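Sequences listed follow chains F and B, in order.
Just so you know, the working numbering puts 191 at position 166 of the first sequence, and the rest follows in order with no gaps.
Just so you know, the working numbering puts 222 at position 197 of the second sequence, and the rest follows in order with no gaps.
Do not take every clue at face value.
Copies of the same chain look alike in the list, so a pair counts if it works inside one copy or between any two.
[Stated by the list, open to error] Straight line, CA to CA, 25 angstroms or less: simulated PhoX-like cross-link-like pairs of lysine-lysine:
| hint | residue 1 | residue 2 |
| --- | --- | --- |
| 1 | LYS69 | LYS184 |
| 2 | LYS69 | LYS280 |
| 3 | LYS214 | LYS352 |
| 4 | LYS376 | LYS214 |
| 5 | LYS54 | LYS178 |
| 6 | LYS280 | LYS444 |
| 7 | LYS39 | LYS69 |
| 8 | LYS191 | LYS117 |
| 9 | LYS304 | LYS184 |
| 10 | LYS54 | LYS191 |
| 11 | LYS39 | LYS444 |
| 12 | LYS214 | LYS304 |
| 13 | LYS239 | LYS54 |
| 14 | LYS352 | LYS74 |
| 15 | LYS239 | LYS184 |
| 16 | LYS444 | LYS74 |
| 17 | LYS184 | LYS280 |
FYI, nobody ran anything at the bench for these hints, they're computed from the structure.
These figures come from a predicted structure and were not determined experimentally.
2 protein chains.
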Amino acid sequence: MTSILLHQIWHQGKEQDILIQGNQFASIKESEALENYAGYSPLKVVECKGKAILPAFYNGHTHAAMNLLRGYADDMPLSLWLNEHIWPIEAKMTSEDMYHGVKLAILEMIKTGTVFFNDMYFSWDECMSAVEEMGLRAVVADSFIDHGSESYKDKYIAKCKAQQSKNTDMLRFAVAPHAIYTVGEDMLKRCAEVARESDTFLHIHLAETEQEVKDCLSQHGMTPTEYLHSLGLLGPKTILAHSVWLSQHDMDLLKESASVLVHNPCSNMKLASGIFPSKNLIDNELKVILGTDGVSSNNNLDMREEMKFAALMAKVRYGAEALPADKVLQWATVDAARAFGLNAGEIAEGKLADAIIVDLSNDRLIPNHHLVSNWVYAADSSAIESVLCNGRFLMENHVVPHEDEIKENAMRVAHDLVKRVK
Amino acid sequence: MTSILLHQIWHQGKEQDILIQGNQFASIKESEALENYAGYSPLKVVECKGKAILPAFYNGHTHAAMNLLRGYADDMPLSLWLNEHIWPIEAKMTSEDMYHGVKLAILEMIKTGTVFFNDMYFSWDECMSAVEEMGLRAVVADSFIDHGSESYKDKYIAKCKAQQSKNTDMLRFAVAPHAIYTVGEDMLKRCAEVARESDTFLHIHLAETEQEVKDCLSQHGMTPTEYLHSLGLLGPKTILAHSVWLSQHDMDLLKESASVLVHNPCSNMKLASGIFPSKNLIDNELKVILGTDGVSSNNNLDMREEMKFAALMAKVRYGAEALPADKVLQWATVDAARAFGLNAGEIAEGKLADAIIVDLSNDRLIPNHHLVSNWVYAADSSAIESVLCNGRFLMENHVVPHEDEIKENAMRVAHDLVKRVK
């Protein structure tokens with residue numbers, strides 16, 4: 026087993042040596058001369074003077090294949106955007122399209138330091154192939170939308186059960202009823218049951234817009250969160266995307282059930298869904314993580330940028346001290362890794378060896394008064410030199426294997442797709 | 026005179042040839058074979074297949090030397106931030122510090138596609154040297170803060186008058202009373218007079234916080250905008266940074282006087298100053314441009330990121346169709362160039378040859394359904410390959426001359442500065 030030594034890397038305010046063995050950080054200590062590592066053979070030595078290590082990102086909510094739709098429709102209200110643009114083009118997407126869209130998404134994630142994503146789309150199998158080829162971690166799910174067909178429902182539940190046997194350390198499968206307004210009560214319950222039986226994640230959009238809350242109150246006499254609770258969908262393996270519109274009672278239910286809320290600031294702002302109540306959620310000690318949503322409502326998968334949006338949005342709503350840099354970095358890293366059961370998200374001995382290596386001589390990281398502040402508020406992807414996942418380099422010195430091929434394929438299928446819609 | 030040919034560059038949806046002669050775009054037309062350009066000699070040919078040209082950025086409000094304070098103090102209320110952190114360290118800054126801080130700022134601007142900045146700080150001479158060395162455009166001003174000394178006031182006014190003789194096409198000088206709460210009535214009037222006499226710009230912070238409006242109402246019985254109007258400070262060469270808190274009457278005065286408002290979304294959000302009323306300003310047909318403010322309240326000078334913040338902030342406040350990508354790009358480019366009297370900010374024949382060249386094979390610009398949408402919402406600086414200003418390359422193929430030296434000097438003086446405060 027080859028070990029990797031990150032020699033003289035900046036970590037916690039000083040130069041250290043970080044030894045990776047297998048898929049873990051084996052030791053982190055004061056930097057030593059290379060000859061002291063003679064016992065580790067084979068050893069890949071990476072000279073890291075002038076570089077710093079930071080935790081990698083875990084993206085809590087994505088629709089990866091939508092990378093094909095980047096910039097296809099913007100600057101319009103949600104209903105027009107969905108009905109006239111997104112749904113018609115999605116109806117024309119083939120499996121091949123989705124596969125290449127996911128590959129482009131993963132390429133973008135790797136280049137921006139993300140090693141895990143929690144995906145919901147119509148591309149379960151394509152996502153699985155792309156993830157395995159590119160070496161990062163994921164929880165993937167087919168999004169279930171209720172069209173009334175009983176056989177379609179049965180098929181979905183059967184597939185959810187069957188997929189569990191294919192779970193690996195890197196790739197797991199979730200159950201994903203799309204939302205309370207696209208899935209009926211019976212199927213929401215069946216999804217909750219199959220997720221519980223399989224001890225797997227349940228991924229759903231919740232309380233994204235004020236309209237969703239109003240409609241739910243008028244239809245069920247409950248808020249969306251209360252409605253999910255009444256059907257048994259809340260719990261520590263339930264991942265609730267958006268969660269913008271919450272009452273105090275909703276927050277109590279979410280805390281009791283230890284459910285996970287995914288904050289998607291760019292998407293919520295761009296679609297004018299509302300302002301996530303970040304301070305209330307912190308005060309109520311809820312489990313919050315960060316996600317980008319799909320690129321057609323963002324329009325990228327850059328978790329660094331997402332951190333800045335989350336923090337600045339919190340500040341303009343609650344005051345300049347709200348959601349400081351350290352806290353939002355936790356949401357994007359260790360808190361998210363924990364939510365998905367990964368012993369990762371921190372640079373510490375015994376943790377899974379996922380990390381970003383940044384170049385401290387990047388102009389946006391100068392001066393280095395406070396690395397985390399620079400990372401959250403000032404940097405961009407140009408500072409990211411290498412990305413490690415599970416003890417392997419996904420990107421080394423800016424190189425991701427097969428990048429050109431991935432981009433050419435995505436470009437080709439995206440442009441053919443648009444032609445088929447017109 | 027060497028001409029530059031940007032051969033086969035993507036512009037307005039197709040491959041074109043752009044010929045630059047002197048400091049202007051001389052011709053823009055369908056791409057031709059290179060031999061057709063034999064008459065232009067000497068000719069520097071830049072092969073641009075797979076690249077696109079975009080207008081460069083004009084940053085409406087900066088404090089460039091503050092780049093030394095990046096990440097020095099964050100996540101705290103404005104008064105604590107200013108009184109306990111920023112002002113004490115500013116008091117220790119030397120001219121040498123400021124010179125190296127401005128150089129770092131200009132390096133960051135060039136790498137993010139900015140070719141002009143409108144600066145206000147205590148570093149007039151240092152800014153002048155740095156701008157001339159690095160080849161971009163600027164309007165620079167010393168920030169005047171009233172300490173009550175008459176001789177200090179006289180000296181400031183005399184310096185403002187004297188500097189006008191040093192104006193060049195690239196570098197001009199402005200008068201910059203800091204704000205209505207740091208400069209007395211008599212000096213505000215004198216600043217307006219000297220700006221009028223010299224036909225130069227007047228740069229001031231206005232209505233940044235709600236508190237400023239409340240204090241002004243109680244002290245003068247007028248809003249800050251009305252107060253400036255009463256003292257004769259409004260006009261087409263008056264540049265008003267922030268302008269967050271405005272009444273309808275304020276907007277009427279600003280329109281009548283053709284004053285220029287600078288929107289600083291990141292700073293306003295990070296310091297919790299408030300939400301800029303972008304839709305009202307557009308509806309009232311006011312002149313709005315974009316700026317980053319200094320890095321200690323941002324914490325970078327990246328106008329691409331600033332555009333995304335401006336657009337998404339407008340959308341979450343006013344609806345998803347507010348401030349579309351094309352409009353915010355205008356604020357950051359052609360509208361800003363016009364506000365500063367530059368025949369620039371557009372890629373068109375006869376305009377000053379300022380531009381950004383981006384790599385269309387950057388993963389964040391794929392697919393290319395809508396280049397402006399990708400640029401505003403999806404890209405980052407990693408897509409920027411070259412930057413042109415006044416017909417010269419400030420950055421060519423990612424290389425800015427003397428980059429390492431600029432960064433090393435800034436790092437050194439910033440760390441020494443911090444030691445002197447502790």
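Here is what the structure says about each hint:
1. Taking CA atoms no more than 25 angstroms apart as the test, LYS69 paired with LYS184 passes in neither setting, with 42 angstroms inside one copy and 61 angstroms between copies.
2. In this homomeric assembly, LYS69 and LYS280 never come within 25 angstroms of each other (Cα to Cα): the closest approach is 45 angstroms inside a single copy and 65 angstroms across copies.
3. For the identical chains of this complex, LYS214 and LYS352 are neighbours neither inside a copy (35 angstroms) nor across copies (46 angstroms), given an alpha-carbon limit of 25 angstroms.
4. Taking CA atoms no more than 25 angstroms apart as the test, LYS376 paired with LYS214 passes in neither setting, with 36 angstroms inside one copy and 64 angstroms between copies.
5. With identical chains, the CA atoms of LYS54 and LYS178 are never at most 25 angstroms apart, being 54 angstroms at best within one copy and 57 angstroms at best between copies.
6. With identical chains, the CA atoms of LYS280 and LYS444 are never at most 25 angstroms apart, being 47 angstroms at best within one copy and 45 angstroms at best between copies.
7. For a Cα distance limit of 25 angstroms, the shortest separation of LYS39 from LYS69 inside one copy, 22 angstroms, qualifies, whereas the shortest one across copies, 47 angstroms, does not.
8. Taking CA atoms no more than 25 angstroms apart as the test, LYS191 paired with LYS117 passes in neither setting, with 29 angstroms inside one copy and 62 angstroms between copies.
9. For the homomeric pair LYS304 and LYS184, neither the shortest alpha-carbon distance inside one copy (39 angstroms) nor that between copies (48 angstroms) is at most 25 angstroms.
10. Taking the shortest Cα distances, LYS54 and LYS191 never come within 25 angstroms of each other, neither inside one copy (38 angstroms) nor across copies (57 angstroms).
11. Taking identical chains as interchangeable, the C-alpha atoms of LYS39 and LYS444 lie at most 25 angstroms apart only when they sit on different chains, with a minimum of 18 angstroms there against 54 angstroms within one chain.
12. In this assembly of identical chains, the alpha carbons of LYS214 and LYS304 never lie at most 25 angstroms apart, being 31 angstroms within a copy and 44 angstroms across copies at closest.
13. In this homomeric assembly, LYS239 and LYS54 never come within 25 angstroms of each other (Cα to Cα): the closest approach is 55 angstroms inside a single copy and 55 angstroms across copies.
14. For a Cα distance limit of 25 angstroms, the shortest separation of LYS352 from LYS74 qualifies neither inside one copy, at 27 angstroms, nor across copies, at 44 angstroms.
15. In this assembly of identical chains, LYS239 and LYS184 lie within 25 angstroms of each other by CA distance neither inside one copy nor across copies; the values are 33 angstroms within and 62 angstroms between.
16. When the C-alpha separation of LYS444 and LYS74 is checked against a cutoff of 25 angstroms, the pair qualifies only between copies, where the shortest distance is 23 angstroms, while the shortest distance within a copy is 50 angstroms.
17. In this assembly of identical chains, the alpha carbons of LYS184 and LYS280 never lie at most 25 angstroms apart, being 31 angstroms within a copy and 62 angstroms across copies at closest.
When each numbered hint is compared with the structure, violations occur for hints 1, 2, 3, 4, 5, 6, 8, 9, 10, 12, 13, 14, 15 and 17.
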